[in-house]
Each structure stands twice: as structure tokens, then as C-alpha cells.
Amino acid sequence: MSDHEYTPKSNFGKWFNDRLPLLTLANHLTDYPTPKNLNYWWTFGGILTFCLVTQIVTGLVLAMHYIAHADMAFDSVEHIMRDVNYGWLIRYIHANGASMFFLAVYIHIFRSLFYGSYKAPREIIWIIGIIIYLLMMAAAFMGYVLPWGQMSFWGATVITNLFSAIPLVGEGIVTWLWGGYSVDNPTLTRFFTLHYLIPFLILGLVVLHIWALHVPGNNNPIGIDVKKPSKDTVPFHPYIVIKDAFALLMFMIVFAFFVFYTPNILGHADNYIEANPLVTPAHIVPEWYLLPFYAILRSVPDKLLGVIAMLSAIFILAALPWLDTSKIRSAVFRPIYRQFYWILVADVLILGYVGAMPAEGLYLLIARVATAYYFLHFLVILPILGFKERTLPIPLSITEPVLGGSSNLAAVRDDSRLEKLK
Amino acid sequence: MSEKKTERRDFLFTATAAVGAVGVGATVWPMIDQMNPDASVKALASTEVDVSSVNPGKTITVLWRGKPVFIRRRTQDEINEAKAVKLEDLKHPEKDEDRAKNPEWLVMLGVCTHLGCVPLDQKGDYNGWFCPCHGSHYDISGRIRKGPAPTNMEIPKYEFVNANTIKIG
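The listed protein sequences derive, respectively, from chains A and B.
422 is the number that our numbering gives the last residue of the first sequence; the numbers go up by one with no jumps.
169 is the number that our numbering gives the last residue of the second sequence; the numbers go up by one with no jumps.
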């Protein structure tokens, strides 16, 4: 961003830009050189920005009608659904928007895992991303508590009780979080405050995330360093803008399907029963996007170790740039890693599935195997693979395989030649 | 560094930092402590319950400080069963006599010690309580027998005000 020379054309533009270089920033964002081979997996950054803005706008509107009080919250949500003009629409967008946000973020994260986007020099982008992901989980969890239904109440009870696993100070921390001796009105009001705050923290981190991205520039599907600007890059506007816009449109079709046709399919029927501190629902499960971590929590038979395992499963991601020892970024040139990558995807999906099932019998066994594999992938397979794997030769530039007729990319696409290389 | 002589300015820096730290601490603490239970929450510290209508073999659930309290009037069979359990078999060894001073009445917090769900009455493998959230089994004395919960269900402070009334808290 620093080495950017730009002079506005108009006199007013010059006058303004000398005092606040916003036009330089706008010019940087439009001209920003982007690798020309970015595929549709790279459109989820834009989609996520859309999700964040949607949640903030619909959330602001909901807050105009919602009442954060244990006696009134449940009724005020029903009031939004039945009485407020278009209240049903705004709430369904907000509730399903959370799920869409997580759907997009998981694709975004797994895209990074496949193409090695977390590796040097992009570690800070990655770590900021993990912090955003953590804040998203906190915001989603607290937002789910606000309607004050049975799942809200018991979800809040179980999650806050995770802190009681901490030796000595655990109970004190839980009481402090609750502002009482159980989840009650003080808990609800502070969750509402924090739920309102966190999206703006995320917004600030998104700015840092993009800023850090614009220093080295985008990674790309073949994972090589790209000289920019060069024949390997195109300006962000209009090339990437139009591609992002098209992908966003496709995404919005999926979003609209959930909002208009199955607005409650991702929720739980129990949450339409008002919170009752005397009765726990027979089967409590978190929202789908937290299920893999929930499965890890339940797969460990010890309370403290279960909590540690669950938190480690998230924090281990922050160490990923150093756990993955391979110098090659893209899985396109890592035949063995590519297979482990898909095993990991399956492993996380399995964890998500068993997280929704009762923690007993075969489900518990599967959860334990899948939990063990999850840690094995990050702590053993990735560090060793970086040294042992025979990677395929990488092209020198994005253009080379096309214009120069290099055999490298052709080899990747042609399975029979791939066999010979092994 | 070690050869550098301590000057008046170093003293001033240290003193300023120390006073600043105390000031920041004194300002931050009220912001943190305001989240702890307030006076009105603490004021609801005790509840009196009339138990005259509870028949043997039945449990009533009352709310105390926002949490459910189970009051079970145990049958003689249940008392015998609770007393017969060997302490070696327990994850959190406690004698039944220590948990129920009057063996007929078991008064305990109906909160699973794992993650705080309310266990279900007369369910599970030990004829006591079963937590539906993560599968902890408790016996008829409320002691943890199987599952992820680390300790027995808690016994609150309580006393019999008279033959029919229990004061919890």
C-alpha cells in the first residue's frame, strides 16, 4: 500500500487527497493486482463481508424491537415475528444469516487449508482470521441465548459451565459470568451487550485481515509467489469484482432458499418453548456449526480434559503455519497431503455428525477415533509430511504452463503421467 | 546495561509506572466486579419449603437462587440401597449418612456437576438420576457413578425449621 503513487484528476480531489488520502486508498483497492487464476473458492472473502454487513444491519433493526429481560425477551421475539412489519423476514434473515456466515467461513478456512494460504508470508492474515472465527463463535453463541427459549437457556448453562472445569477459580469465574448463581436476567443483559459489541470488533479485525492481505497479495491455486503487477495479475476492478459479484449472487440464492422455504430447519423446535430453569430438554445440542467441537468435548470422559481438548482443537489452527513444515503451498503439487486433506474434511464432517447424536455406544467410539485423528493430522501427519513428501515440480509463473507449454501443470491434470512421476 | 548508573530519571520512570499501574487497577476493578452477583441477587439467599405433601418415593423440585433443588422423601428400600454401597465403588467417596442427615429426606442441588443440566428423576443405571446432556448416572444418594461428571450432586446448606418445613440456604 505504501509504494502507491496516485494523483487525483480534479483540483478538489487533489486538495482533499493531500489532506486525507482516501482517494489513494480507493485507487489502491481498484487497481490492486490479483493473480489471474483465482477460482471460485476465492470468492468467499467477499461473501463473508456481505454476511457480516447483513448481520449488522438486520441486528440493528432487531435491537429496536427486542427487549433484553428474562421475563420479556421470549415474548418480544414472538412480537417481532407476529406484529412488527416484516419482523419475521428480518429475524429469519438474521437467524439463518448466522448459519450462512459459518457455511461461508468454513469454506473459506478449508480453501486456505487446501491451497496453503496460511503459510509464509501470510501467517498474520491467518491468525487474525482465527481470531475472527473465535469471535464469530462467541457472537453466535450469545445471539442464540437472546430469544430465551429452552435451548437458549440450557445452551448458555452448558457453555458457561465449561469454565467451571478450571481448577480453583472455575466456580468463581462462572458466578462472575452469570452475575448470579445461575443463568438469569443479569446473564441475558450482558450477553445482549456483548452480542451487540462483537460484530464491530469483527469489522475492525476484517479491516486488519484485508490490510494484511494486501501486503503480500493473494495466494492463488498453484500457490507460487506472483510478481505484481505482471502478466500473472489482473486489476481487482473490474475482473475480481465481477467474479465476486456473480458468486455472491449464487450464494444469495442458497441464503434465500433457507430464509423463505425452510427458515427453521437449522434451529431446534425446543427453542420455541420459553426458558425453564427446572427442566432440561431431553437432548440438547448446539447449533450445527459448533457440533464438531461439541463432539470432541464429549468424547473425553474427564471434565477438565474434555474442555482442554475442545479448546485445543480450535487453537491448534493458529499454530498451523508452523505445524505444516512443507515449503510447497498448494495441495495441487502435494499428492500425499491432498489425500490427507480430504481425510481431514471427512473427519470433521464425521465429528459434526456424531456431535448431533447421543454420546453413547458406537457414536461415542466413532467420536473418540475421529477426535484422535483430528489431533493426529495437525500434530503428527503435517509436521512429518513436510519432510517426507515428494512434491511435484511447480511452475515458475501462472502464465508459463499456458504460454510456455510447461509440462508441470499438464502432468498434474493427467493422471497417467502422474503415476509415472511416482 | 548493568554498568549504567541509576539516575534520578530512572527513579521517576519507575515511580510513574508504579502509580500508573495502581491507578489503572483501581479503575478496572469496579468494571470487573460490577459483573459479580449484585445485592438483590444475594438477598434471595434462602427459601422455605413446605414438604408435608411429599409422599415416600416422590421428589419435589423447588427453585433456590435460580437453581433447582431436589427434595426426595426416600423409601426404606432406597435408604438401605444407598447405605449398602461400598465407598471403594465411588468416584467421589461420600457416605450416605453425610449426605442425608435425616435419611428419609435427601435435599440436594438438582444440577449435574458436569455442565449444569438438570438430571432426570428415577432414571439411569443406578436407580437414581440421569443427566440427559452428556450421560452422567447418579445413585439414590445423588452420588456420581458413571459418566463425565466429576463429583456428586451438591448438598446445599439446609435445616428443618419444623417437622414439615425445610429452610434452604
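Please keep in mind that the hints were generated in silico from the structure rather than gathered at the bench.
Keep in mind that a hint or two might mislead.
Covered stretches of chain B (chain A as the covering partner; in silico rule of three or more C-beta atoms under 8 angstroms from a C-beta of chain A) [said to hold, decoys possible]:
hint, segment
1, 31-40
2, 95-106
3, 129-137
4, 157-163
Here a beta-carbon is modelled for each residue, glycine too, at the ideal position from N, C-alpha and C.
Status of each hint after checking the structure:
1. 31-40: holds (count 5)
2. 95-106: Coverage by chain A is violated here, the residue count being 0 at a Cβ distance below 8 angstroms.
3. 129-137: holds (count 5)
4. 157-163: violated (count 0)
Comparing the model with each numbered hint stated earlier shows that hints 2 and 4 do not hold.
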